[in-house]
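When you get a sec, could you build the whole thing from the sequences and use the hints?
For reference, the chains in residue letters:
There are 2 protein chains.
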Amino acid sequence: LVDTPRFHPDNIAPARPGLWRYRAFLPLADDAHLVSMGEGWTPLIASELAGRRCWLKLDHLFPTGSYKDRGATALISRVRELGIRRVVEDSSGNAGSAIAAYCALAGIRCRVLVPAHTSPAKLAQIRLYGADLQLVPGSREATAQAVLAEAQSTYYASHSWNPLFLQGTKTVAYEVCEQLGWRAPDALVLPVGNGTLLLGAAIGLGELLEAGVIAHLPRLVAVQAAACAPLARRFAGQAEENDAAPEPTLAEGIAIAEPVRGGQILEAVRRSGGTFLTVAEDELKQALHTAARRGLLVEPTAAAALAGLRQYLATSDDTCVVAVVTGHGLKAADKLLDLEELR
Amino acid sequence: LVDTPRFHPDNIAPARPGLWRYRAFLPLADDAHLVSMGEGWTPLIASELAGRRCWLKLDHLFPTGSYKDRGATALISRVRELGIRRVVEDSSGNAGSAIAAYCALAGIRCRVLVPAHTSPAKLAQIRLYGADLQLVPGSREATAQAVLAEAQSTYYASHSWNPLFLQGTKTVAYEVCEQLGWRAPDALVLPVGNGTLLLGAAIGLGELLEAGVIAHLPRLVAVQAAACAPLARRFAGQAEENDAAPEPTLAEGIAIAEPVRGGQILEAVRRSGGTFLTVAEDELKQALHTAARRGLLVEPTAAAALAGLRQYLATSDDTCVVAVVTGHGLKAADKLLDLEELR
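Just so you know, the sequences run in chain order A and B.
Position 88 (the first sequence) corresponds to 88 in the numbering used here; numbering is contiguous.
Position 22 (the second sequence) corresponds to 1022 in the numbering used here; numbering is contiguous.
Hints were generated in silico from the structure; no laboratory data involved.
This one's a predicted model, so the numbers in the text were calculated from it and none came from an experiment.
No residue lacks a Cβ here, since even glycine has one placed at the ideal position from N, Cα and C.
Careful, some of the hints might be misleading.
As the list claims (entries may be wrong) - Reference listing, derived: stretches of chain A covered by chain B, where coverage requires no fewer than 3 residues with Cβ under 8 Å from a Cβ of chain B:
no., segment
1, 34 to 40
2, 61 to 74
3, 128 to 134
4, 199 to 210
Unchecked claim - Here are the computed lysine-lysine pairs in the DSS-like style, where the Cα-Cα straight-line distance is at most 30 Å:
no., chain 1, residue 1, chain 2, residue 2
5, B, K1285, A, K335
6, B, K1285, A, K285
7, B, K1335, A, K335
Set out below in structure tokens:
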């Protein structure tokens, strides 16, 4: 990685658009190859859930409709400055959309592999951005397997593996702490599949702590769908007891049976004093409706985090809890239309 | 309207989120009833079209996926401070989504009438926000007729009629000029149906000019779909010659055969030295693809403006031209999937 200075608020450039106010702390050689649409610096809004105050970070308001743009703008900027002209990526949908969009902006050829059951809106998105889209039958893991062969000969712009992606997603931590007046929340609630948001947030929070900008690490509260909760099971020490195959979940973005950085995710949650929570499909649907009834249209994966937020607030005394809204409901309009309550 | 001071950059509050940096110039009595999700202050990005430089204002990155949130946050804030508990609105989809979302956030009951042919994602949106959704058979005008009876007994939160809505949309002009370093662009290209964006922009630009913050008015370039171009025809003096009923257009957001403020729109365009342009369906589809190939997923109505931008750049010597991207492509994923090129 390109060297970056230790974090300091004086090195922020508030006149630069979006997350690029933190340009100084992003490991890119120069500004000549930045691939940006002015993304980031998303709203952090005060809200209320089950009678408790909380904060929501509106990371669904990115150009492609998910927080993955944080990682894509950093990673594809680096890809461009390295002079790479062609990449391949695998995704459950949102990361593929983000990589495809930023490759389109950069004029880089992009091939995206996704599970065949991915939401139609996400498929339309990826195709329209001009990526070569390949549907892979079977699970998310089948897609992850399929990409490895292609990654032998093509640059693998992986949101799961590539460290530049996490350098982009770390900005969510900068933003939340700055928006709280340079204070760390007591807890940060995130949906976790391959952990690209959680691991990025952990990097950013670690930098802020080391720089003395925040006084403590927030507890990282990692939310998985009960239907597919491999890390929550490992965290609880139940991995051996329950080898059942994952069941389908509306939260397609975190339906990851074998997260590639599982050990790192567990370690980051433990180090923060945080925990894992699992949410049932009914809780997730309820959270989706509750959010919409407050004007926030979120995709089911984001609703999982909000269902986790509700659980957490019910049992914790923390007074400053932030949940990240990761994806826009318009990405899954077909699923939203299918929900019972709409019939 | 509540009195507001003359515009002055010193009265901007840059620490406030989104468009609320311009709180001082929004005619609301106090801050106690603001209904906001931190919306606005959207990116203005440099782009290039047909070999010409231009700017794009990314107003599709609002919570409900369209610029209508500018108007809704202002209007519903006013509705709430007036103590109104129930509203009715009619819309081709996006304004209804915005009003429904902000009413949900404010705890105000909301009924929305839309044409039966509105995009499914927009219907899902409005329903999920908890609005009472009524589909009206026939044209947009049939919907406009149907709402009038209801507006006798319920507060009419109309984006077309209510001046508070335009007070919200005027912030697009503030933002563009501030993002250009307090300079007016030579031209501002906008899609026009009922003109809520154009009329708002004209108000904002007028205030900036009167305050001496900008030195001239930009030309307002109003874009309509050729299939439904009542104002473009009137502007060209052809209204009598062509009484043909409007034809279907992908640009559902501007398929307005009888704009309620048509005279005001024509006057604003004339006063600015601007013009009307019409775009064919093929141009619109082409513009949609061109935008996506640069990482911007826009809805067909927004693509109409980009098609107009291309026309304008081809014939004008203006060097600083801004087009507003009004709605997110994810709002019309069904239509995008239907485009020939995706089959």
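Hints, verified against the model:
Beta-carbon proximity to chain B at under 8 Å applies to 4 residues in the segment 34 to 40 of chain A; the threshold of 3 is reached and the given coverage holds. Evaluation of the coverage hint for the segment 61 to 74 of chain A: fulfilled, as 5 residues show C-beta separations to chain B shorter than 8 Å, against a requirement of three. A stretch counts as covered by a chain when three or more of its residues have a beta carbon under 8 Å from one of that chain; for the segment 128 to 134 of chain A and chain B the count is 3, and the coverage holds. Check result for the segment 199 to 210 of chain A against chain B: violated, 0 residues qualifying (beta carbon to beta carbon below 8 Å, three or more required).
Taking the CA atoms of K1285/B and K335/A, the gap is about 26 Å. The hint holds against a cut of 30 Å. Simply put, K1285/B and K285/A have alpha-carbon atoms about 35 Å apart, too far for the 30 Å limit, and the pair is violated. Pair hint K1335/B plus K335/A holds up; C-alpha atoms about 17 Å apart against a cutoff of 30 Å.
Taken one by one, the earlier hints fail for this structure at numbers 4 and 6, listed in ascending order.
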